[in-house]
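Mind docking chain B on chain A? Use the hints.
Chain order of the listed sequences is A and B.
Residues 1 to 341 (my numbering) make up the first sequence, in order.
Residues 1 to 190 (my numbering) make up the second sequence, in order.
By construction, these hints were calculated from the structure, which means they are not laboratory data.
We put the beta carbon where it would ideally sit given N, CA and C, even for glycine.
Among the hints, erroneous ones may be present.
Stated by the list, open to error - Only pairs whose alpha carbons sit at most 25 Å apart, straight line, appear in this in silico BS3-like list of lysine-lysine:
#  : chain 1 : residue 1 : chain 2 : residue 2
1  : B       : K35       : B       : K83
2  : B       : K160      : B       : K27
3  : B       : K146      : B       : K27
4  : A       : K118      : B       : K35
5  : A       : K79       : A       : K118
6  : B       : K35       : B       : K110
7  : B       : K56       : B       : K110
8  : A       : K99       : A       : K118
9  : B       : K160      : B       : K83
10 : B       : K160      : B       : K142
11 : B       : K42       : A       : K118
12 : B       : K110      : A       : K99
13 : B       : K110      : B       : K98
14 : B       : K56       : B       : K98
15 : B       : K142      : A       : K13
16 : A       : K336      : B       : K142
17 : B       : K42       : A       : K99
18 : B       : K98       : B       : K160
Claimed, not checked - Quick partial rundown of chain A residues pointing at chain B, CB under 8 Å, derived from the structure:
#  : residue
19 : E106
20 : E107
21 : A111
22 : G113
23 : L114
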Amino acid sequence: MSETVNLFEQQAKNRRQTAMWIVLFVLFFAWLGFGGDAALYFGSIDQYGQPHYTVPWIGIVVTAIAAIVVWNSWRRGPKQVLWSVGAVELTNPGTLEEKQLLNVVEEMAIAAGLPRPKVYLVNDPDPNAFATGHGPETASIAVTSGLVQALNREELQGVVGHEMAHIRNLDVRLMTMIAALVGVIVMLSDGMGRMFRGGGGRGVGALLGGRGRKSGGAGMIALVLLVLWIITLILAPFITRLMAMAVSRNREYLADATSGELTRNPAALASALEKIESAEAPTASIKRSTAHLCIADPLGRKANLKEGRLADLFGTHPPMPKRIIRLKGMAFQQAKTAAEP
Amino acid sequence: MQWFLLILVVVVAFWLVGAYNGLIALKNQTINAWKQIDVQLKRRHDLIPNLVSTVKGSMEFEKETLQAVVDARSKAMAGGGVKETAAAEGALSGALGKLFVVMEQYPDLKSSQNVRDLQEELSSTENKIAFARQLYNDVATKYNTKQQQFPTNLVAGLAKAQVAELWEIEDQAERAVPQVDLSLKPKPQA
Chain A
1 MSETVNLFEQ
11 QAKNRRQTAM
21 WIVLFVLFFA
31 WLGFGGDAAL
41 YFGSIDQYGQ
51 PHYTVPWIGI
61 VVTAIAAIVV
71 WNSWRRGPKQ
81 VLWSVGAVEL
91 TNPGTLEEKQ
101 LLNVVEEMAI
111 AAGLPRPKVY
121 LVNDPDPNAF
131 ATGHGPETAS
141 IAVTSGLVQA
151 LNREELQGVV
161 GHEMAHIRNL
171 DVRLMTMIAA
181 LVGVIVMLSD
191 GMGRMFRGGG
201 GRGVGALLGG
211 RGRKSGGAGM
221 IALVLLVLWI
231 ITLILAPFIT
241 RLMAMAVSRN
251 REYLADATSG
261 ELTRNPAALA
271 SALEKIESAE
281 APTASIKRST
291 AHLCIADPLG
301 RKANLKEGRL
311 ADLFGTHPPM
321 PKRIIRLKGM
331 AFQQAKTAAE
341 P
Chain B
1 MQWFLLILVV
11 VVAFWLVGAY
21 NGLIALKNQT
31 INAWKQIDVQ
41 LKRRHDLIPN
51 LVSTVKGSME
61 FEKETLQAVV
71 DARSKAMAGG
81 GVKETAAAEG
91 ALSGALGKLF
101 VVMEQYPDLK
111 SSQNVRDLQE
121 ELSSTENKIA
131 FARQLYNDVA
141 TKYNTKQQQF
151 PTNLVAGLAK
161 AQVAELWEIE
171 DQAERAVPQV
181 DLSLKPKPQA
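Chain A on its own, in the form it takes in the complex:
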């Protein structure tokens, strides 16, 4: 009983958070646009107190673009994620391992009571896996060829069970959306940074300096706005990444636990995580903006290994040893209850 309540709560939470991210994203762009407009407005006030810039074109256009980006990320997000890592759908299994992978995914779908998600292979020697999609009906699971090679059947089951948990809890919807939006923000910030470092900034400065000198108050407001504006641009990718990490970290423990419930074999997932951990090499084909989707940090960052405040802030995943210990604890509990008559 409590399990179903938790499931619905978790799904509702993920729906809410997805909506929140969309709103924040559009608001961020609205601020970028209208903030720029305001700076121009105050900067364009001449010595008679007349503004020359009255229609907030930048704000309108930028907000509209943000809305289109959100709509596009929602519609094409899962495909883009799969495309960005070079995943190929596995429809015609050739080798025994590939057949086994398809079978294992089908088994876990049955255990979770969900339709079978599409299965994708990423050609990368480092073991890793992720899931994406809007919900159970449109979900996909992608695993690297390294994972298929390194794990045995039970361990593979544990990893696929973990991904199936992300699908069932609707984590995939939130995480895919975040991946798409964070990617856009990082790209934008990089682009703007380059522009300012080039000559773009000087033009704005000249505009502000030239007209603002006559009416000091308005010029100051424009300057403050501009500084705030630039700070937002610089900090945005950093902050959004931190938020994405926090979202991902909390959900990993839950997915590990659900996997243990589905397979009734948490020890297998623990040993799978140990193998993934010991492979150590970064997953080359998975980029930064999709890192939080994976079962283990593809970048192999040190922060994920440490414990404490700082690591809690900077890791996309909880420390691997902690996850393994929790799973082993679960295995012990299950063995104990099974042994009782």
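Just chain B now, kept in the frame of chain A:
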């Protein structure tokens, strides 16, 4: 006072509809979960003749083991209620397990691509049966609890809810069946 009564009637009506629909939803989930098991059982029945004909030639000395599998299959295909199906399918699992153990002694069989594929298919079907059973038992337990708990038990008659039988492993012999590891990869160092 009248207002109070009216509100009470509305609240009770809403609750009735909700409880009734909840029970019906669970009932259908239970039926669906049972169908899932059925699909996998059927699949296993279909795979067995393939396996038998593939290994028959190489296993001249193991006629009884093969015959046991064939017999268990035809018994399982006869069907019946939850309990009978569970018992017959349990026996089939046991017979298949024994066959796989025997097959381990035939290296040329084990190395054959065809046999390896069949073994993977069968062990996967075995897993699917187990997971479908797990899901069925979970859903059926939820359904049973709901229809017996107060106050939902008041509408249980209305929804024609009946206690769903769980798929239990009755047979002591089957419980004792050794776990056969069919994964073709090296075991992890435990």
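Status of each hint after checking the structure:
For the given pair, K35 (chain B) sits about 15 Å from K83 (chain B) by alpha-carbon distance, which is consistent with the 25 Å threshold. Annotation: proposed proximity of K160 (chain B) to K27 (chain B) holds, straight-line Cα distance about 10 Å (limit 25 Å). Between K146 (chain B) and K27 (chain B) the alpha-carbon distance is near 10 Å, which keeps this suggested pair within the 25 Å criterion. Annotation: proposed proximity of K118 (chain A) to K35 (chain B) holds, straight-line Cα distance about 22 Å (limit 25 Å).
Pair hint K79 (chain A) plus K118 (chain A) holds up; C-alpha atoms about 12 Å apart against a cutoff of 25 Å. Between K35 (chain B) and K110 (chain B) the alpha-carbon distance is near 33 Å, which puts this suggested pair outside the 25 Å criterion. Of the supplied pair hints, the one linking K56 (chain B) and K110 (chain B) holds, its CA atoms being roughly 13 Å apart against a limit of 25 Å. Between K99 (chain A) and K118 (chain A) the CA atoms are separated by roughly 14 Å; this keeps the pair inside 25 Å, and the hint holds.
Of the supplied pair hints, the one linking K160 (chain B) and K83 (chain B) holds, its CA atoms being roughly 21 Å apart against a limit of 25 Å. Simply put, K160 (chain B) and K142 (chain B) have alpha-carbon atoms about 16 Å apart, close enough for the 25 Å limit, and the pair holds. For the proposed pair K42 (chain B) and K118 (chain A), the alpha carbon gap of about 24 Å is at most 25 Å, so the pair holds. For the proposed pair K110 (chain B) and K99 (chain A), the alpha carbon gap of about 17 Å is at most 25 Å, so the pair holds.
Restraint check for K110 (chain B) and K98 (chain B): satisfied, since their Cα atoms lie roughly 15 Å apart, inside the 25 Å limit. Of the supplied pair hints, the one linking K56 (chain B) and K98 (chain B) holds, its CA atoms being roughly 15 Å apart against a limit of 25 Å. A hinted pair counts as satisfied when its Cα atoms are at most 25 Å apart, and K142 (chain B) with K13 (chain A) qualifies at roughly 24 Å. Between K336 (chain A) and K142 (chain B) the alpha-carbon distance is near 24 Å, which keeps this suggested pair within the 25 Å criterion.
Simply put, K42 (chain B) and K99 (chain A) have alpha-carbon atoms about 20 Å apart, close enough for the 25 Å limit, and the pair holds. At roughly 43 Å between alpha-carbon atoms, K98 (chain B) and K160 (chain B) are farther apart than 25 Å, so this suggested pair is violated. Residue-level restraint check for E106 (chain A) holds (minimum Cβ-Cβ distance to chain B is 7 Å; threshold 8 Å). Evaluation of the E107 (chain A) hint against chain B yields a held restraint, the C-beta minimum of about 5 Å falling below 8 Å.
Because the smallest distance between the Cβ of A111 (chain A) and any Cβ of chain B comes to about 4 Å, under 8 Å, the interface hint for this residue holds. Against a cut-off of 8 Å between C-beta atoms, the interface hint on G113 (chain A) holds, since the closest Cβ of chain B lies about 5 Å away. Using the Cβ-Cβ criterion of 8 Å, the hint placing L114 (chain A) at the interface with chain B is not satisfied: the shortest such distance is roughly 10 Å.
Consistency with the previously given hints fails for numbers 6, 18, 23, ordered from lowest to highest.
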